[in-house]
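Make the full structure from the sequences, and use the hints.
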Amino acid sequence: MDISAKVESIKYTPTMAKKNFSAYHIGDLEKALSQDGTFLLTVDNNNKFAMSWWVSAKRTRSYPYARVYDSFGFKGKRITIIPICKDV
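Residue numbers for the sequence shown follow our numbering, beginning at 18 and rising by one.
Derived DEER-like restraints, expressed as beta-carbon distance ranges:
| # | residue 1 | residue 2 | range |
| --- | --- | --- | --- |
| 1 | Asn62 | Met18 | 28 to 38 Å |
| 2 | Lys28 | Ser51 | 31 to 41 Å |
| 3 | Cys102 | Glu47 | 12 to 22 Å |
| 4 | Ile101 | Asn62 | 25 to 35 Å |
| 5 | Lys23 | Asn64 | 18 to 28 Å |
| 6 | Cys102 | Thr30 | 28 to 38 Å |
| 7 | Lys48 | Glu25 | 25 to 35 Å |
| 8 | Ser26 | Gln52 | 29 to 39 Å |
| 9 | Thr97 | Asn37 | 12 to 22 Å |
| 10 | Asp45 | Glu25 | 29 to 39 Å |
| 11 | Asn62 | Ser39 | 11 to 21 Å |
| 12 | Ile99 | Ile43 | 18 to 28 Å |
| 13 | Cys102 | Asn37 | 26 to 36 Å |
| 14 | Tyr82 | Asn62 | 23 to 33 Å |
Just so you know, the hints here were simulated from the structure itself, not pulled from any lab data. Heads up, the beta-carbon is just placed ideally off N, CA and C, and yes, glycines get one too.
Right, here's the structure in full:
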């Protein structure tokens, strides 16, 4: 399965976004995902990302927007993990 997307020209000024993120190294990604909905992930000295993740593939049963909006306050690159398959 190949899923790809391209998003262009989104302009947003966060007003209530989270300013203090928990920080994790790439080796602690599993711990970060189990403890925080939005966090900073350090890959190396030059690469840091704000990461957020949706709880469920069922968009109508979860409200992930706050997690995603919190990451908008980060000036660098942002990554959001979105599940595409519901647990069976």
